[in-house]
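Dock chain B against the given chain A, drawing on the hints supplied.
Protein chains in written order, with our numbering: chain A, 1 to 257; chain B, 1 to 518.
Check before you lean on any hint, since a few could be wrong.
For each label pair, taking beta carbons as the anchor points, the in silico distance ranges come out as [claimed, not checked]:
| id | chain 1 | residue 1 | chain 2 | residue 2 | range |
| --- | --- | --- | --- | --- | --- |
| 1 | B | Ile498 | A | Pro35 | 30 to 38 Å |
| 2 | B | Val447 | A | Tyr21 | 16 to 24 Å |
| 3 | A | Pro35 | B | Ser268 | 37 to 45 Å |
| 4 | B | Ile403 | A | Asp134 | 24 to 32 Å |
| 5 | B | Pro87 | A | Pro62 | 27 to 35 Å |
| 6 | B | Ala241 | A | Glu237 | 31 to 39 Å |
| 7 | A | Glu131 | B | Ile403 | 43 to 51 Å |
Everything labelled a hint here was simulated from the structure, so no lab data went into it. For glycine and all other residues, C-beta sits at the position ideal for the given N, C-alpha and C.
Here is how the chains run, residue by residue.
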Amino acid sequence: MSATMSEMTPAIAVTNLRKVYSGKAAVDGLSLNVPRGSFFGFLGPNGAGKSTTIRMLTGLIPATSGTIELLGLPMPAEETAIKQRIGLVPDDSLLFDRLTGLEFLEFVGRMYSLERPLARQRAVELLELFELSDEGRKIIGEYSKGMRKRVAMAASLIHRPELFLMDEPFEGVDAVGARLMKDILLDQVKHGATIFLTSHVLEVVERLCDHAAIINDGKIVAEGSMAELRSGSETLEEVFVRTVGADREYGKLDWLG
Amino acid sequence: MRPRRGRALRGGAVFSAITTLFFYGVFGFLGFSMMLLFSSPDLAGRFVQLLSGILLLVTGYWQIGPVITASFGASIDLRKLMAYPVPRRQLFLVEVLLRTMTSFDIVLVLSGIVIGLLRNPLYGWAAAPYVIVGAVAFAAMNVLFSAGVKSWMERFFVRTRFKEVFFLIVVLVMISPQLFFLTNTKASGLLRLVPSQVVWPWAAMGRLMLRESVLPGILMGAAWICVALFFSRRQFGKMLAFDGPVSARKEKKAAPDRLSERLFRLPSRLLPDPLAALIEKELRTLTRISRFRMAYGMSCFFGVLLVVPSIRRGPHSPFLQYALPVMAVYGLLMLGQITFWNSFGFDRSAAQGYFCWPVRFRDALIAKNVSVMVMLIPQVALVTLIARAFHVPSSPGKIVETIIVDGIAALFWFGLGNISSVRMPRAMNPEKMNQMANKLQSLTILVAPVVLLPVVLAYWARSVFGSEIVFAGILLIAAILGGIFYWVALDSAVKSAIERRESLLQELSRADGPISTT
Numbered sequence: 001m002s003a004t005m006s007e008m009t010p011a012i013a014v015t016n017l018r019k020v021y022s023g024k025a026a027v028d029g030l031s032l033n034v035p036r037g038s039f040f041g042f043l044g045p046n047g048a049g050k051s052t053t054i055r056m057l058t059g060l061i062p063a064t065s066g067t068i069e070l071l072g073l074p075m076p077a078e079e080t081a082i083k084q085r086i087g088l089v090p091d092d093s094l095l096f097d098r099l100t101g102l103e104f105l106e107f108v109g110r111m112y113s114l115e116r117p118l119a120r121q122r123a124v125e126l127l128e129l130f131e132l133s134d135e136g137r138k139i140i141g142e143y144s145k146g147m148r149k150r151v152a153m154a155a156s157l158i159h160r161p162e163l164f165l166m167d168e169p170f171e172g173v174d175a176v177g178a179r180l181m182k183d184i185l186l187d188q189v190k191h192g193a194t195i196f197l198t199s200h201v202l203e204v205v206e207r208l209c210d211h212a213a214i215i216n217d218g219k220i221v222a223e224g225s226m227a228e229l230r231s232g233s234e235t236l237e238e239v240f241v242r243t244v245g246a247d248r249e250y251g252k253l254d255w256l257g
Numbered sequence: 001m002r003p004r005r006g007r008a009l010r011g012g013a014v015f016s017a018i019t020t021l022f023f024y025g026v027f028g029f030l031g032f033s034m035m036l037l038f039s040s041p042d043l044a045g046r047f048v049q050l051l052s053g054i055l056l057l058v059t060g061y062w063q064i065g066p067v068i069t070a071s072f073g074a075s076i077d078l079r080k081l082m083a084y085p086v087p088r089r090q091l092f093l094v095e096v097l098l099r100t101m102t103s104f105d106i107v108l109v110l111s112g113i114v115i116g117l118l119r120n121p122l123y124g125w126a127a128a129p130y131v132i133v134g135a136v137a138f139a140a141m142n143v144l145f146s147a148g149v150k151s152w153m154e155r156f157f158v159r160t161r162f163k164e165v166f167f168l169i170v171v172l173v174m175i176s177p178q179l180f181f182l183t184n185t186k187a188s189g190l191l192r193l194v195p196s197q198v199v200w201p202w203a204a205m206g207r208l209m210l211r212e213s214v215l216p217g218i219l220m221g222a223a224w225i226c227v228a229l230f231f232s233r234r235q236f237g238k239m240l241a242f243d244g245p246v247s248a249r250k251e252k253k254a255a256p257d258r259l260s261e262r263l264f265r266l267p268s269r270l271l272p273d274p275l276a277a278l279i280e281k282e283l284r285t286l287t288r289i290s291r292f293r294m295a296y297g298m299s300c301f302f303g304v305l306l307v308v309p310s311i312r313r314g315p316h317s318p319f320l321q322y323a324l325p326v327m328a329v330y331g332l333l334m335l336g337q338i339t340f341w342n343s344f345g346f347d348r349s350a351a352q353g354y355f356c357w358p359v360r361f362r363d364a365l366i367a368k369n370v371s372v373m374v375m376l377i378p379q380v381a382l383v384t385l386i387a388r389a390f391h392v393p394s395s396p397g398k399i400v401e402t403i404i405v406d407g408i409a410a411l412f413w414f415g416l417g418n419i420s421s422v423r424m425p426r427a428m429n430p431e432k433m434n435q436m437a438n439k440l441q442s443l444t445i446l447v448a449p450v451v452l453l454p455v456v457l458a459y460w461a462r463s464v465f466g467s468e469i470v471f472a473g474i475l476l477i478a479a480i481l482g483g484i485f486y487w488v489a490l491d492s493a494v495k496s497a498i499e500r501r502e503s504l505l506q507e508l509s510r511a512d513g514p515i516s517t518t
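Okay, chain A solo, but in the shape it has when bound (with noise of 0.2 Å):
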């Protein structure tokens, strides 16, 4: 495939995704096109699906059936090219709790094939981007949440990837912390970057992002640009809440008044 032919396709492109535990779907028939350069949010209530098809995108679990392409590459036949390509943030922590962030971050680096003194560099200048050259030295396991997420991040843009794949990346950070990742990716979609994230935070995801999908029991209930999936005088969170099925009046107990 040419170089421009493969700048053509989606960055992230899913066909009948299906991933099934125990004869229950938790991915069902899921298909879905990520532009190239989108800030694509994906949302969907507890246990929707959302991680399962992160982690089938990023190879961590196998699908039932589909097929994944991700920057114009099938999944897992190129696995090992589209690794190279790709950042990652996961849900779980990804990081080792006995290294320091430098010394993970240079680590990181080696791993996507930086030369050291590269991956050093790099290292150094991401603690700094991320307001973390003070704690760099230290352990990591002595990290506060928001410090972890933003060692992740930072761990995710080491090798300058095109596509970032990133499961709940503002859970547990700070306002300030999210304002500053939230800048930084940005300004790394501007660059020509994709973006492929989750989030809870319906607000997070109406102010950054340009794409939106929503999950629910597994499948696709609504996708389309921001524009399209607030079409009328709807909100993100009234369209969420009307497609995940969600808008119907709670139980209440005596007791609790």
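Only chain B this time, still in chain A's reference frame:
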């Protein structure tokens, strides 16, 4: 997945039942021995000294038990219950009850003493109130003291690296019977050293049980119980108010010093990335885990216990010829529990990186094995030094033989370990010393001698044919077999890891249960 896990759990339960039965069987036997000892009227003249000595040992064991548990990081953290409206007094009661419930082994020994005295015609049922009150007072004092000691040590272990020093002390205490044996120290000589004056708690309560110095015994016993109650309540209160993680954070050192940094970077000078980066990461990680450091220290030292009987027999003992390789291989086996039998245990959820980054899983496994091999170099050096201190033959030729045998054993065990690491992974908490799958332990014990059969064969051939050439030849064959075994096992482990990555990561991401321990 579930049926396999269910089978593994059942297997673990059976193993636990057998070990529990064995453990309490040993204490039951001790209790029975005590009963026989104290029911004999012929020894009554020495009962004061004897009972004081035994109760001193029991006190030591009683107090050291919770300390070991605390050093393992395996005790229940009652601070977590402070989120609920439970009065501190009741929490203290829970702690005391926990100490009582975990003292059943000692109760077996004490019961033996009590029954023995009641069966003794010189004491009998007439002495029952004294015997029982003395024993109960002794138990109460120890339970209270152990609650306080545990609370105190838990704080101490979090704050400092005393945990490791303490472990070395435990090792010394554990080998002390062997050392007494080695130095021909007689029990009667040791008994004379026991402080048996009534001011000591074991002596006061022992005397009360024997109806000797009853009033001073009661007074001193009561005083010691009051001291124990005050101490345990005070320490428990301090423990509840203790902010462990914050205090620990202040103590932890961050970046390594220059020398360590050079050593860590050594693999990068010899090997290409990503292998070098992975080995470097392993070395940095392992050396920062106190549990590894302790196991490493013990792996260097414990081997000597195996050869003590041969040392005692003198320099011409035939086993001494094999002592150095045996000590080294035993050291490797001890390291296995926290390294190659469960290679990804300390990585926990971060092990997903090996599937996310553009590296071969094969490289990750090889790096883990190579880093253990790197650790074996100083281990063999230390084992040799210890062997020399105990006059175990350790000529240059013997050292070379040890390195070769250790290397061959490593090939076989790493091969098996790689398979067990991906098929039976278990998340390990670096702070917990005792966290080790029962099935892994049993696997280690069962499999270790079997796979080393070619090495054993080489030694057998040397002793039968008296030829070093035959010995070297069979060792060479063993090394080739080990190499083939390692590569085949590595391929199998990689294939298995890729196929089972989901369950592998799920198992490694398992956190502590809701009733979390420190």
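To see whether the hints hold, each was checked on the structure:
Checked against the hint of 30 to 38 Å, the pair isoleucine 498 (chain B) and proline 35 (chain A) passes, with Cβ atoms roughly 31 Å apart. In this structure the supplied range 16 to 24 Å is violated for valine 447 (chain B) paired with tyrosine 21 (chain A), their Cβ-Cβ distance being about 33 Å. Against the hinted window of 37 to 45 Å, the Cβ-Cβ separation of proline 35 (chain A) and serine 268 (chain B) comes to about 41 Å, which satisfies the hint. Checked against the given bound of 24 to 32 Å, the beta carbons of isoleucine 403 (chain B) and aspartate 134 (chain A), roughly 45 Å apart, lie outside it.
Under the hint 27 to 35 Å, the C-beta atoms of proline 87 (chain B) and proline 62 (chain A), about 53 Å apart, miss the expected range. The hinted window of 31 to 39 Å between alanine 241 (chain B) and glutamate 237 (chain A) is violated, with their beta carbons roughly 44 Å apart. The hinted range of 43 to 51 Å is satisfied by glutamate 131 (chain A) and isoleucine 403 (chain B), whose Cβ atoms lie roughly 49 Å apart.
The structure fails hints 2, 4, 5 and 6 (numbered hints given earlier, in ascending order).
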